[in-house]
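Trainee: Chain by chain, the residues run as shown.
Protein chains: 2
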Amino acid sequence: MFLPKGYRFAGVYSGVKADPEKLDLSLLVSDHPAVAAGVYTTNRMCGATVHVDRPRTPGSDFRVVVMNSGCANDCTGDRGIRDAEEMIRTAAATIGARPEQGLVMSTGVIGEFLQMDKIRTGIVKANEWLAGDEAAFEQAARGMMTTDTHPKMSSRQLTLANGKVVSIAGMCKGAAMIGPNMATMLALVFTDAMLEVKQAQTLLKATVDETFNCIIVEGHTSPSDTVLLLANGASCPEPLTGTDYDAFAAAFGEVCLDLAKAIPNDGEGVSHFVTIDVTGCKDREAAKIIADTIARDALVKAAIAGADPNWGRIVSAAGYSGIGFDVTKVGLSLNGFELFRDGTPQPFDADVVSASMRDHRDVSIVISFGDGDANIRYWTTDLTEEYVRLNADYHT
Amino acid sequence: MFLPKGYRFAGVYSGVKADPEKLDLSLLVSDHPAVAAGVYTTNRMCGATVHVDRPRTPGSDFRVVVMNSGCANDCTGDRGIRDAEEMIRTAAATIGARPEQGLVMSTGVIGEFLQMDKIRTGIVKANEWLAGDEAAFEQAARGMMTTDTHPKMSSRQLTLANGKVVSIAGMCKGAAMIGPNMATMLALVFTDAMLEVKQAQTLLKATVDETFNCIIVEGHTSPSDTVLLLANGASCPEPLTGTDYDAFAAAFGEVCLDLAKAIPNDGEGVSHFVTIDVTGCKDREAAKIIADTIARDALVKAAIAGADPNWGRIVSAAGYSGIGFDVTKVGLSLNGFELFRDGTPQPFDADVVSASMRDHRDVSIVISFGDGDANIRYWTTDLTEEYVRLNADYHT
Numbered sequence: 087m088f089l090p091k092g093y094r095f096a097g098v099y100s101g102v103k104a105d106p107e108k109l110d111l112s113l114l115v116s117d118h119p120a121v122a123a124g125v126y127t128t129n130r131m132c133g134a135t136v137h138v139d140r141p142r143t144p145g146s147d148f149r150v151v152v153m154n155s156g157c158a159n160d161c162t163g164d165r166g167i168r169d170a171e172e173m174i175r176t177a178a179a180t181i182g183a184r185p186e187q188g189l190v191m192s193t194g195v196i197g198e199f200l201q202m203d204k205i206r207t208g209i210v211k212a213n214e215w216l217a218g219d220e221a222a223f224e225q226a227a228r229g230m231m232t233t234d235t236h237p238k239m240s241s242r243q244l245t246l247a248n249g250k251v252v253s254i255a256g257m258c259k260g261a262a263m264i265g266p267n268m269a270t271m272l273a274l275v276f277t278d279a280m281l282e283v284k285q286a287q288t289l290l291k292a293t294v295d296e297t298f299n300c301i302i303v304e305g306h307t308s309p310s311d312t313v314l315l316l317a318n319g320a321s322c323p324e325p326l327t328g329t330d331y332d333a334f335a336a337a338f339g340e341v342c343l344d345l346a347k348a349i350p351n352d353g354e355g356v357s358h359f360v361t362i363d364v365t366g367c368k369d370r371e372a373a374k375i376i377a378d379t380i381a382r383d384a385l386v387k388a389a390i391a392g393a394d395p396n397w398g399r400i401v402s403a404a405g406y407s408g409i410g411f412d413v414t415k416v417g418l419s420l421n422g423f424e425l426f427r428d429g430t431p432q433p434f435d436a437d438v439v440s441a442s443m444r445d446h447r448d449v450s451i452v453i454s455f456g457d458g459d460a461n462i463r464y465w466t467t468d469l470t471e472e473y474v475r476l477n478a479d480y481h482t
Numbered sequence: 087m088f089l090p091k092g093y094r095f096a097g098v099y100s101g102v103k104a105d106p107e108k109l110d111l112s113l114l115v116s117d118h119p120a121v122a123a124g125v126y127t128t129n130r131m132c133g134a135t136v137h138v139d140r141p142r143t144p145g146s147d148f149r150v151v152v153m154n155s156g157c158a159n160d161c162t163g164d165r166g167i168r169d170a171e172e173m174i175r176t177a178a179a180t181i182g183a184r185p186e187q188g189l190v191m192s193t194g195v196i197g198e199f200l201q202m203d204k205i206r207t208g209i210v211k212a213n214e215w216l217a218g219d220e221a222a223f224e225q226a227a228r229g230m231m232t233t234d235t236h237p238k239m240s241s242r243q244l245t246l247a248n249g250k251v252v253s254i255a256g257m258c259k260g261a262a263m264i265g266p267n268m269a270t271m272l273a274l275v276f277t278d279a280m281l282e283v284k285q286a287q288t289l290l291k292a293t294v295d296e297t298f299n300c301i302i303v304e305g306h307t308s309p310s311d312t313v314l315l316l317a318n319g320a321s322c323p324e325p326l327t328g329t330d331y332d333a334f335a336a337a338f339g340e341v342c343l344d345l346a347k348a349i350p351n352d353g354e355g356v357s358h359f360v361t362i363d364v365t366g367c368k369d370r371e372a373a374k375i376i377a378d379t380i381a382r383d384a385l386v387k388a389a390i391a392g393a394d395p396n397w398g399r400i401v402s403a404a405g406y407s408g409i410g411f412d413v414t415k416v417g418l419s420l421n422g423f424e425l426f427r428d429g430t431p432q433p434f435d436a437d438v439v440s441a442s443m444r445d446h447r448d449v450s451i452v453i454s455f456g457d458g459d460a461n462i463r464y465w466t467t468d469l470t471e472e473y474v475r476l477n478a479d480y481h482t
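Chains R and E, in that order, give the protein sequences.
Each residue of the first sequence is one higher than the last, beginning at 87 in the working numbering.
Each residue of the second sequence is one higher than the last, beginning at 87 in the working numbering.
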């Protein structure tokens, strides 16, 4: 793990979650004022933290991000917004920063108010545990987990033209809305390089479009989805330019992709991790809509769970996506086996293809349209009985 | 059952399905030339029968509809289209009509060619069984079934201003794309009243929008979805006008609604039949998009299967539907219990609401937006482990 300089982390148990074995409150502190960018859910019923963070980013001079799991603070009206603001105020005061220097993320059950006494005590406790090492980073990643089975982290390091070494690290949580209660996708990526405010926002938005916006579990956009980028310049205070910026953007993209793919890969009940390549479309938007429709389709996903090489469901999903195409140019491969070409079924040994799906957790779908040069890659899950069991489970 | 005059029916076993206990080929014959209207799938990968029927309707002078189950004749290219045309030609010749007087519908497995020798023999056999009674009508309805657990039929009768009595009857099959292989929604509604060609098409389109287009199982639009309307004027040869037409349109709407609701109600693995009312929207299109998003949402559906009054998933689905609304005006009731009002969670006894969901197969969701007067009603299913088990099952 390459940890950027000038950051400290902590993850503690505050008491919001029922199980004291699980962490539920994290801090990330930047010892230098950091530029921050944010990309948020498009859900109209957006959570209190999104209300609070959205107008603050992009911006500079940030010092602290406070996160809790176990309670999403969604659908909690004005009181929820006041609570989110108080989380920031408390965290900032505790680490010796001003209230406007903080950001906040929450995830967990919807429609319940934060237990602010526990949150306050948790923040004070987390402050005592702050450290810049890998163990602390992992604790912080654990503190944002809900139904995740493991903390999700990634990092890269690169050397700038001036010889300075900068690092990028990130953590995320979530398996989309796959949790037994409302879950959320949260990600926090931070670097000791420096970026201009506008540059940070542009980079984050473009990268999210290629990574976090290309993963689907069941297609439910949570009210609190948030991706934050912090850049504090601790290793090189001048904003990146030219080839340094390009190399940084590539490494940043890799970190975000690692984190994004970790989400469907850890989806509850998931038995296959599916990569969907849509190729040869007129434009990227058309490719994205087709990929999105296939990735959401319950019948496609159920067939993959059952190792059923049911190519008909995949081409049919493309067919109802709303995108026009020439059927006689459509081709499809599944795990490398060509099942459909020029709009015509190809002879294949269904047992062999099925065995390949049964024997590999990773499944590859490539669907081609011969309409142009635009491609997209999506990542998704299968749909298992276990998924339904987990999400149908009624807990009082 | 009110059966329109001048029609005869048959359903037989042709050998396309493996199980000889199941019927797989049906004929509907009109002894008088009938006006026909059709509404078809919007799926780009549309099946051969849709290719053949679409240019024929709306039109007049139809005598026969031939239907088979067990093979959808989808994704079968030019040969599939030739086979569909031959089905019509054979059926027309067998009953003594011309080839242009026929229509065809197929449902079943995708990507396989029709076994035309069996289809031809089946048509001849069906012709021998043609009869105008209820038993024959039910046999025809059985012949179009795939994974349906029972034939789906409905009828109405009304008296015109001139004292003549006309009837409307219909049959349909399908549980959307819920079958272990590709399934399809097919419906055939016929009357002994008479309609103008344009009037028939307008009525059918408007009625489908309020009925068959308001049902969702998992949201997969099949390549062969077809709804046909036949009007032969056997009881009253003059096209309907004025209040007669209005009364007929209302009764026709009831028949279509009965048939449409029967589809999700018979969905495989379904444990709840869900009615979703979206009220107080700016326009019908907005209401439809919200209803559609809620009805497709895997998390909403899984929660209903588990009798979990998880209102957060429902309002969150509305939130990501893409429709703008004022969150502080949103309200939600589940089985008559008000759980959310003016954007704020209402206190409720979760065990009582859960018990109400567990104890009733019918679940009602009412979500209101206070933005206008437009409403829509949708019907859907829950999402059960059984659904996934059935649709993941790999048969060689």
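Calculated directly from the structure, the hints in this document are not laboratory data.
Since we're looking at a predicted model, the values are computed, not measured.
Positions of the beta carbon are idealized from the N, C-alpha and C atoms, including for glycine.
Don't take every hint at face value.
Simulated restraints, written as ranges between beta carbons of each label pair [to be verified]: (1) R:G182 to E:D428: 38 to 44 Å; (2) E:T414 to R:V210: 30 to 36 Å; (3) R:T361 to E:D437: 41 to 47 Å.
Some chain E residues well away from chain R (every beta-carbon gap over 12 Å; in silico) [to be verified]: (4) M87; (5) Y99; (6) D105; (7) T128; (8) R130; (9) A158; (10) D164; (11) L244; (12) P309; (13) A335; (14) N351; (15) S402; (16) D468; (17) E472.
In silico contact screen, one side only, chain R against chain E (beta carbon under 7 Å); selected entries [claimed, not checked]: (18) G197; (19) G339; (20) V401; (21) T430; (22) P433.
Trainee: Please write out, lowest number first, the hints stated earlier that are contradicted by the structure.
Mentor: 7, 8, 9, 10, 12, 15, 16, 17, 19 and 22
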